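There are 4 protein chains.
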Amino acid sequence: MKLKASCFIRVTAFSDCPMIAMLRPRSGVTQWMISERYDLEPWVPVEEFIDSYGNLCQRMIVPRGHMRIGVEVAMEVEDHITVAPHAPQTPISELPSNVLHYLLQSRYCPSDKMLHKALSVVGRTPRGYAQVEKIRSWIHHNLAYRYGVSSASTDALDTLEHGAGVCRDFAHVGIALCRSLQIPARMVVGYMHGLKPMDLHAWFEAFLGGRWYTFDATQDAPRGARIVLAYGHDATDVAFISDYGPRPLQLNEMRVEVTAPDEAQPEAVPAVKTSK
Amino acid sequence: MKLKASCFIRVTAFSDCPMIAMLRPRSGVTQWMISERYDLEPWVPVEEFIDSYGNLCQRMIVPRGHMRIGVEVAMEVEDHITVAPHAPQTPISELPSNVLHYLLQSRYCPSDKMLHKALSVVGRTPRGYAQVEKIRSWIHHNLAYRYGVSSASTDALDTLEHGAGVCRDFAHVGIALCRSLQIPARMVVGYMHGLKPMDLHAWFEAFLGGRWYTFDATQDAPRGARIVLAYGHDATDVAFISDYGPRPLQLNEMRVEVTAPDEAQPEAVPAVKTSK
Amino acid sequence: MKLKASCFIRVTAFSDCPMIAMLRPRSGVTQWMISERYDLEPWVPVEEFIDSYGNLCQRMIVPRGHMRIGVEVAMEVEDHITVAPHAPQTPISELPSNVLHYLLQSRYCPSDKMLHKALSVVGRTPRGYAQVEKIRSWIHHNLAYRYGVSSASTDALDTLEHGAGVCRDFAHVGIALCRSLQIPARMVVGYMHGLKPMDLHAWFEAFLGGRWYTFDATQDAPRGARIVLAYGHDATDVAFISDYGPRPLQLNEMRVEVTAPDEAQPEAVPAVKTSK
Amino acid sequence: MKLKASCFIRVTAFSDCPMIAMLRPRSGVTQWMISERYDLEPWVPVEEFIDSYGNLCQRMIVPRGHMRIGVEVAMEVEDHITVAPHAPQTPISELPSNVLHYLLQSRYCPSDKMLHKALSVVGRTPRGYAQVEKIRSWIHHNLAYRYGVSSASTDALDTLEHGAGVCRDFAHVGIALCRSLQIPARMVVGYMHGLKPMDLHAWFEAFLGGRWYTFDATQDAPRGARIVLAYGHDATDVAFISDYGPRPLQLNEMRVEVTAPDEAQPEAVPAVKTSK
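Chains as they are written, first to last, in UniProt numbering: chain A, 1 to 276; chain B, 1 to 276; chain C, 1 to 276; chain D, 1 to 276.
Here chain A stands alone, though its shape is the one from the complex (with noise of 0.2 Å):
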């Protein structure tokens, strides 16, 4: 299906601020963009990057002032993300060397401390798909979806003691239970057609059967419809904008948009969970 996305920011720099964006969707074989644009008001030069995970990463200076960054973006998306409720857990020794890395702990998802935990959630689940599924399904329905409770210091732990939190925390808990059963996880962040109100949005992915699979334990139910800005361990590396000034960034105002040109207008369905 056909995707319209768009994020309008504003800023306000109390003095040149280094920043680093990560708003450029990349083509794979999952999405293709069609059509993109990449506004900075006022012009100033930009370098493009790509990180270790493969995301496309905007290296600018935000000179003393306001400044806009408009990024407007047509993607052909999967109208549906693949379930596989019987894709088996991918052996240690058989996972490509580039994915290892996603077993490991990180600032965000201390999975060294959560073996316990991960148990007591899967119990007798079969080892695999189902096991995240069920993992996915638990966050879901124990963890309430409130703002306010996490800021952006606060890891899956903490997010298991509030037993609330977003998108991005219901991911990190997510991808921090996978990995101390030894299951490839990994952050994404990205646009999702339908959210209400509607934002940037988090969701995890893990490696079963020789692939990566989608998981959002913000739904009711698996939702296609998405478009992948960036992929990380955890939110340490997928932060949409980063600055590095002497004073931090203001932010003024962040719009999102996302529509499906092509469709009926779909019922707005919740964004998230409704909280307990």
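Hints are supplied without guarantee of correctness; some may be wrong.
Put simply, identical chains are the same to the list, so a pair is met inside one copy or across any two.
In silico SDA-like pairs for lysine to any residue, Cα to Cα no more than 25 Å straight-line [claimed, not checked]:
no.	residue 1	residue 2
1	Lys-2	Glu-263
2	Lys-4	Ser-52
3	Lys-134	Pro-246
4	Lys-2	Ile-61
5	Lys-196	Ser-150
6	Lys-2	Pro-261
7	Lys-117	Ala-152
Source of the hints: derived by calculation from the structure; they are not laboratory data.
Nothing here was measured: the structure is a model prediction, and the numbers come from that model.
Start from chain A and add chains B, C and D according to the hints.
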């Protein structure tokens, strides 16, 4: 300056035909992609990968029948290429490791056979940028720009023998002569504003004084307003379309346009020097 | 100078156990591998790959039973580490793209929570190398080197709270404090001549004035005679052995030796500062 | 099986001469480095980097005067190369992205000019492994192994015309004929046990049925006991020594030895077929 460029292609496939296109520029230090379209009709799944030169490559299978490919891009590019008459030759021992391979002979640039010619061209010109400019200028004044002399298998030695060729051939000669003098050189293909007749263009870059400089033997004077599509050792690596069918694709039409929307219309610059 | 180093390891596997070792140094600008042995008994097939940090990683399956791993290496290394008291902090905007990620928080270096501590440690020290040396020296004088205080899940905040740790913990604190001040820092593991008791060692590097410098908070003075085995964000990425069995490997013995064959026997240097 | 191989080289430099050597094998799936020595006399600083083919490259400056380079290695390698008469040609659409470039013509393998010859060689042989074996066998029986016929600028077409060449030339012909049939092929250089006279050797690999297979047109029968030193498109990329001096290095001596310490001494196998 801002450039708009487009390339429309119509092909016929007589059976399903695997194809690789290199029609998506990358944002980098010298060019920034403001907006882009990449249309295929009919729509087919595309995989995009990055080759060892850093080029974006689009893999697809052209289904039996007709296909249209249309790409449009608006880029911020440099008005003028940098000219540095005194840039020195970089000593081999100071070349970055990932530049070294641009010293090697390649299919169309048999530099291992061209040292004698290179020495006769540069004469007593001081080493460095001045030598490359001497080579560029020598090609411009001594080879005729003429269609139909060269084919897909013409290399730099052939072109010297013919005394004529097109942009691709001029670039091959320039690259081969540079390399024989131990100056790293690479092929560039892309768009250039003001060419007449308009078409995709080819030129070369040489590594001098620690960076790459642009040289174009088809032009009377240094000219900017270029959009890079791909880099490579020579034409082997930078084909805008490579087809791998049991039967070759038939190219029915190819139309390239480049405009500078923010500028007064430039006089038509001869895309290439007038032939001798 | 020339160093000889060896590491002998005996493990028991209670079932076939996938393992990744990082026990083969790479030749680079600061160290050159003169000779090497890498023995496995029993012999098993090994695949060697290079991770995203550039480390050589050896993958194998340890069969049920006992295994010995013996590595020996003779390397040419630097006698002294470079000390550059006036090296400035590299502005973010001038950092190479592949260094930027060493600014980010990581599992054991939660720099996002440590700016306050870092500011109190560096006080009015001028920015750059001097700050990192101040951090290194502060750790050396304020944390006790003591075994048994930390575990595999201890992060830099835990270590500050305990007031004690081992080389790995000291490195984590140094790295986290640097990153919170926007100085890229990375973990290093390897061999060091003169440690007592001899063991594998860990220290850190900070990126200043355009290059990496070595810092070791366990030592009274700058000391060279090091062989690097691996680089990473923190201990997550540089384990000399990672096992992924259904049951963990049992480590029966590990013996490290480092000698400098061409030198008069050095006095035994305390491998680590005496604890407070 | 275990192989010991060594290469001793004596050169004279008439002025400081930058040099790149490719004399250090890498451990991989099919070969494991048990032990290694790499001596330089006099000692000079060396930088080791990995090129785009994955080869380890040693950069150094040979100082004016004499230098000896000695490398010794003990490797675990495959006794026999895998033969798979029924392995199919991999359809282009299923080739891994990083294999595609091995379809392209290169300096010494102008496959763009050799389709006609390839078709006449393979005749009605079924597509896939059988075609490559047919090519290999055709070269073996129709080209004479003879020193002095070819030079550093001899390509596959030249060799066909001469009707003779050495291992490098045979490999070039095999590679070029494969590529013209859309079979990816690459150059390999390394050691082979039993060659007489002993020397560094060259052969080729073709990608069939999803993996690389070894082919050696100098041999009567499939033979293993090989150590790979480097891969590339053709001889351009795999020179064991490349010098970049104002004056070329003088090669005074080069001595290669390969033994299989755990085996009864093999009969001397003619390193190469007897010439016609």
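Verification of the hints:
no., hint, in the structure
1, Lys-2 x Glu-263, "within (9 Å within a copy, 35 Å between copies)"
2, Lys-4 x Ser-52, "neither (27 Å within a copy, 31 Å between copies)"
3, Lys-134 x Pro-246, "between (44 Å within a copy, 21 Å between copies)"
4, Lys-2 x Ile-61, "between (33 Å within a copy, 20 Å between copies)"
5, Lys-196 x Ser-150, "within (19 Å within a copy, 45 Å between copies)"
6, Lys-2 x Pro-261, "within (7 Å within a copy, 29 Å between copies)"
7, Lys-117 x Ala-152, "both (23 Å within a copy, 18 Å between copies)"
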